[in-house]
Every structure is written in structure tokens, then in C-alpha cells.
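Protein chains: 2
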Amino acid sequence: MLANPPDGPEAPQSSAPRSRGGWGAADGPLAIRKPYALFLGDVHDARMAKTASGIHFWRPDDCIAQVRLPGCRADLGLPDVSAVEAAGLGAQTLVIGLAPPGGGVPDTWIPELVAALAAGLDIASGMHARVADRAAVGAAMRARGTRVLDVRRAPADLPVATGRKRTGKRLLTVGTDCGVGKMFAALALERELLRRGCRADFRATGQTGILIAGDGICIDAVVADFAAGAAEVLSPDNSPDHWDVIEGQGSLLHPSYAGVTLSLLHGSQPDHLVVCHDASREYMVGVDGYRTPTLEECIEANLRAGRLVNRGINVVGLCVNTSSMPEPEARRYLDAAARRLGLPACDPVRTGVAAIVDSLDV
Amino acid sequence: MLANPPDGPEAPQSSAPRSRGGWGAADGPLAIRKPYALFLGDVHDARMAKTASGIHFWRPDDCIAQVRLPGCRADLGLPDVSAVEAAGLGAQTLVIGLAPPGGGVPDTWIPELVAALAAGLDIASGMHARVADRAAVGAAMRARGTRVLDVRRAPADLPVATGRKRTGKRLLTVGTDCGVGKMFAALALERELLRRGCRADFRATGQTGILIAGDGICIDAVVADFAAGAAEVLSPDNSPDHWDVIEGQGSLLHPSYAGVTLSLLHGSQPDHLVVCHDASREYMVGVDGYRTPTLEECIEANLRAGRLVNRGINVVGLCVNTSSMPEPEARRYLDAAARRLGLPACDPVRTGVAAIVDSLDV
Chain B
396 MLANPPDGPE APQSSAPRSR GGWGAADGPL AIRKPYALFL GDVHDARMAK TASGIHFWRP
456 DDCIAQVRLP GCRADLGLPD VSAVEAAGLG AQTLVIGLAP PGGGVPDTWI PELVAALAAG
516 LDIASGMHAR VADRAAVGAA MRARGTRVLD VRRAPADLPV ATGRKRTGKR LLTVGTDCGV
576 GKMFAALALE RELLRRGCRA DFRATGQTGI LIAGDGICID AVVADFAAGA AEVLSPDNSP
636 DHWDVIEGQG SLLHPSYAGV TLSLLHGSQP DHLVVCHDAS REYMVGVDGY RTPTLEECIE
696 ANLRAGRLVN RGINVVGLCV NTSSMPEPEA RRYLDAAARR LGLPACDPVR TGVAAIVDSL
756 DV
Chain C
396 MLANPPDGPE APQSSAPRSR GGWGAADGPL AIRKPYALFL GDVHDARMAK TASGIHFWRP
456 DDCIAQVRLP GCRADLGLPD VSAVEAAGLG AQTLVIGLAP PGGGVPDTWI PELVAALAAG
516 LDIASGMHAR VADRAAVGAA MRARGTRVLD VRRAPADLPV ATGRKRTGKR LLTVGTDCGV
576 GKMFAALALE RELLRRGCRA DFRATGQTGI LIAGDGICID AVVADFAAGA AEVLSPDNSP
636 DHWDVIEGQG SLLHPSYAGV TLSLLHGSQP DHLVVCHDAS REYMVGVDGY RTPTLEECIE
696 ANLRAGRLVN RGINVVGLCV NTSSMPEPEA RRYLDAAARR LGLPACDPVR TGVAAIVDSL
756 DV
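If you're matching them up, the sequences are chains B and C in order.
Just so we're aligned, residue 396 is where the first sequence starts under our numbering, counting upward by one.
Just so we're aligned, residue 396 is where the second sequence starts under our numbering, counting upward by one.
What the hints contain is simulated information worked out from the structure, not anything from laboratory work.
You may find that some hints are simply not true.
As the list makes no split between identical chains, a pair holds if one copy fits it or if it spans any two.
Claimed, not checked - List time: in silico SDA-like cross-link candidates among lysine to any residue, alpha-carbon distance up to 25 Å: (1) K560 x R686; (2) K445 x L736; (3) K445 x S718; (4) K445 x V526; (5) K445 x M720; (6) K560 x G498; (7) K560 x C573; (8) K560 x R594; (9) K560 x D730; (10) K560 x G684; (11) K560 x T689; (12) K560 x Y728; (13) K560 x V682; (14) K560 x R676; (15) K560 x Y685; (16) K560 x L755; (17) K560 x L698; (18) K445 x D528; (19) K445 x R559; (20) K560 x V680; (21) K560 x D666; (22) K560 x A510.
Please build the complete structure, drawing on both the sequences and the hints.
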């Protein structure tokens, strides 16, 4: 969904301090320093810069420049600078939000990455390949004392979950499948809460979300025994009027990932769920022959499991990706779902999520 | 329960080849070579040798000697030998099945461990501390080319679960809480199946089970994204008359570990469940104020979740730890549970599990 984001209001920035330092990643503290320069490399197709465009869409004030190499076809409309110039402008981190073909780090990138580290920038990467494993990159990092942060790696020393009730309000996005807009919905809800003057924080649980937020825990990379504990750490005690809007992962009804989803549900102990769905998704992704569950099945499974840690859990809205439908059909789909389930039904891209926030006690 | 095991028939050995080699641990192949010499160290209390006594109880034919240091108060009744003598008797692995106070590797053990590795024995350890991190141990291992296998570490390169239906029969033990006898029940069921001439394999998912079986995957040490995939690898396609009896972990209704349990349930895609319970357990372990679920709640949660990957899943029996009760009360408890739920109800230690196997289509 991030490839073609809607025009939205400029995002108000989050109310809580971003540097929590409550846990340490293997490479050092997890908090990614802002502002960012976004590295677009030499990707030949703008769609490969989907993560970078998502960061820019959701955190425009955190992005002060883009760093492009010759041949780059992606363009976020930010000032074009070198990594060294970005450091001069005050950037703290060069963010690699790219998925080049093959998943490796192209040789053509190395000189600019080395220059960035030497100029005092950290590098944050959501790539599969470990950027710091490239010898010149590792050497530059050690020479200057800068960091290469791999947001796919989970922090060490996470605790086992306690199930203890925490203070503050929590909303978790859940879904009928993977890739149905749980991150987008959570960010849209955070933005709408902040617009209304509420105190709210998006809590990131996947690599793109972490790059957007500047911190978080890649929940599916945590050792299984500590996955629910990671979700507890991610969303600590807070003041009674504060909202944590937690990015969901996977689906309780997906045979590959349901354990991750359940750990996140239990560790988050949400008061409210928003259920995400893709209206065109007949079968779940990555597995053969598993039909996408209905919204009703998804709601029932999540409420049943979530009650273990929060008796008062409820569903407050539906976020449906209707991008496969023309406008009138999408409206009919949303209206029918809303009537059937007695819940506000939005498409975050098409309609925004104000109707869901209207139903919250904010 | 292993601290005081009942006298049982000598265990028939498993029917399937133990060396599968389908995945590799970080330290090399996971398969632990048998037969074992059991290292009892210098523990002052026989209860610290609980894992070793479990290995001896369940796999007596795999244990040819015990290696004790001066001051040791544990005794399994095996021939007392040095590590070097154990190698001469044909032992392949020195197994450390101990939990000494503090969890570290005492200095007093090092000379014997070094001698074992130098004599050609592998070492297999279920301790929290990493034995190979002791410099003299690591050096001896590298000098002779022997291995120190840490059964708490998960193999690398596990796949994401596919949800694909596999051939062969699968039975999983599940429970109302952690530590209610799921491993003991699975081993008792394997033993009873083998006694009746069935083809059966205990599939180990925790460190003690892995030392008993000689292989397996410590499921709670797997990165969350791959936990269900690990369970699929653990229990591959098999012939239609073959039973995998899979060791359960945690509980679907435990707020710390339910995600691990769900991954194991989905990856195992069991045809049959045996539900384990401790009759004296009012609150779940490790968390405050969470009541142990009833057998009915546990059954409902497991059947509901298990149907996603196996529509025909059913519960075939109850294994209840009644060690807190005198005999007449235990019998009344089991009879009442059997009547209420319409299922055979056993205490594997007190009654054995024949009544459950009677109900299977073997």
C-alpha cells in the first residue's frame, strides 16, 4: 500500500520521547538517531524504494534529504545531496530503505556508505543482507565509532512475558492474513489520534515500521520463548491517557506465523483491536490451499485469545484494503461490512480512519 | 516427575533410524551419538541429576556407564568409570544431565571433560552455561575434532512452516500449564506403542527430551518466525502406520509461552492430542494471578487452534499428575475426569498409559 500513498496532512510528531534505551540490540542501542537522509542507491525501479517512500510519507519531518547514485530512478522529491553533505545538513542516520533484486548489497553502494560512516552518520538498514558484513563498511564503522543498525535483528536479553497488567491504553492491529495493511492502519490511527491532540505512539514490530518510528522490535526475529516478553517491553507502562498503537504481525489463522501473532497479542494485552483485511485476498499468502478467514472468524479468534490477558478487549473497527475495487464497489463493501459487524469500516487509503477514532474514548 | 520414576519394563528401542541429518545445528549436526556415559560430576544432591536419571529411566540401553567425581552423591547404579574408560567401553558421548547450583560449569569438572574430549567422546550438555566456552574444553574439542553439543541451541536454517499435510500419524501432548508432564506422557506413550509392536518415535522439543532421544529441536529457542517450521522439520513425512509422539511445550493458555505452544501445535498438525494436567496446580507457574485453566478449557482451545491444520484432530486421553494425592483420592479424581470428559484418564506414573493406547487405532 505504501507504493501509492494518499495525500494526507503533514504528520504531527509523536508525543513521547523516542529514546527509551530500555533494551539493547546486539549492535548497540536500538534507537535510530534522527533526522534521516534516505539512501535510494541506484535502483532502477521506484517500487524498490517502497520502504524509503513509506518513511517519507509517515515521517516527513524526519527526512531532510535523499542520497542517490547515478542511474537511480527513484525520487522522493527531497533535496539531492551526498552522504557527506547530508551530515553537514544535520542528518544523523543514512537509512537504506530499499529492496534491490537479489537482496544483496551492490558493490556500487559501498563508497557512499563508507563515506557516510566516515562523516559521522549511522547507517540503518532493513535489508536481508547484513550491510556491516561488507569489509569496507565494517572498517569505516569501527574507525569512526559510528553504527550500522540492522532492524531485522532482535535485541538480546529480552525477558519472558509476565502477563502483568500495564497502565495506559493499547490498540493492536490484527489481520486475516499477512500483508493486509496492519502497519499502515496503525500509523494512520496514530496520526489521527495525534491530530486530535491525544498522546499516542506507534509501536513498531517489523523492519519498515522500525525505520519509520526510529525504534521498535522486529517481533518475528525474537527467539520464540521471549516473543511475548518483547511485546511487553515494546509497550511499557504509560500514563492513563496515553495510547500505544501497536503494529500487528501475521494472522492468528495463518499456519506459518500464528505463534508470532499470538505472542504479540498476549504481550501487547490490547484494550482494543482493529481488524485488517484485503478484500481481494481469497487465499492466504505463502501457503497452499488455506482460504483467507472471514472477518468474523478473525474477530472471534483474536477476542478469544486476547481475553486471557485483558478481559475487556474489544474490536473497535475494520480497516479493509479495497484497492482492487472501483469506488462505488468499495463503498458498498465497506458499508456492508460495517452493518454486518456493527463496527466502523474504513479503507485507510480511501477513507482515512477518522470513523474508527470517533468510536474510541479519547 | 522424573525424580522418582516408577519401575517400568525395560524400554524397547525406537524403530526408526535416529540419524536423520535433515538439519544442522550451529555447532554441527544435531544427532547425538549413542551409547552414552552419564556425567554426574560432584553434585551434592541426587535431585541435581534429574535429567541424567530421566535419560537412564527412558533409555537404559543407551547408558553404559556413569562418570562421577569425588564427593558425588548421585548414583544411577551404572558402572563407575572414568571418561577415558567409558570411551574404551564404546561410549560415544559424555552427557551432562545436571543442574548444579548457580548454573555454571564448576572448575572441578574441567579435567574430566577435557579428558573425555581427548579420548574421542563428544560432550552433550543441557546446561544453561555453554560448556564449550571454557577455554580448556574448547581447546580439547578442536585438538581432537570432537564436538560439544548444546541441546538448548536451535539449529540454523530452519524453514518457515508450509502447513502442508504430511503422511504418517501424529500425536502431540498438550497441557494446562508448563511442567505438567508433557514429556513424561509422550515418552510413556511411545514406550507403550513400541511394546505393542507399533512403529513409533518420540519427537523431542526440549533439552531433556533431546538428550533422551538423541536428537530433536529445542522449540522455544527457535526464532519465532520459524518455530512452526521447526515443528514440521521435526516430524517429517512417514509411512502411514508410523506414529510420531511429539513432546508438547508450554500451554495455549499461558500468557508467557502460548505463542510457542501454538507454533508447535500448528507445525505438528497432530491427528490426536493427549491433554496433561497437574491435579494440584491452582495457578500457572511463572506468572502472578493466572488460574490454571480447566481440562475443558484446555481441550477447547487446542482443538479450535489445531483444526486450522488438521480438520480431524481429536483428544484421545488425559494424563494427570496425581502425585499430590493419596491413592484412593487419585483414583476418584481420574475416574471423575474420565466420566466427565468421556476420555481415558491416566496418571502415567501411577497407572501407566495403556488405557489411552487402547483407544487408538493401532
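**Asked** What are the numbers of the hints that this structure violates, sorted from low to high?
**Response** As far as the earlier hints go, 2, 6, 9, 12, 19 and 22 are violated by this structure, in ascending order.
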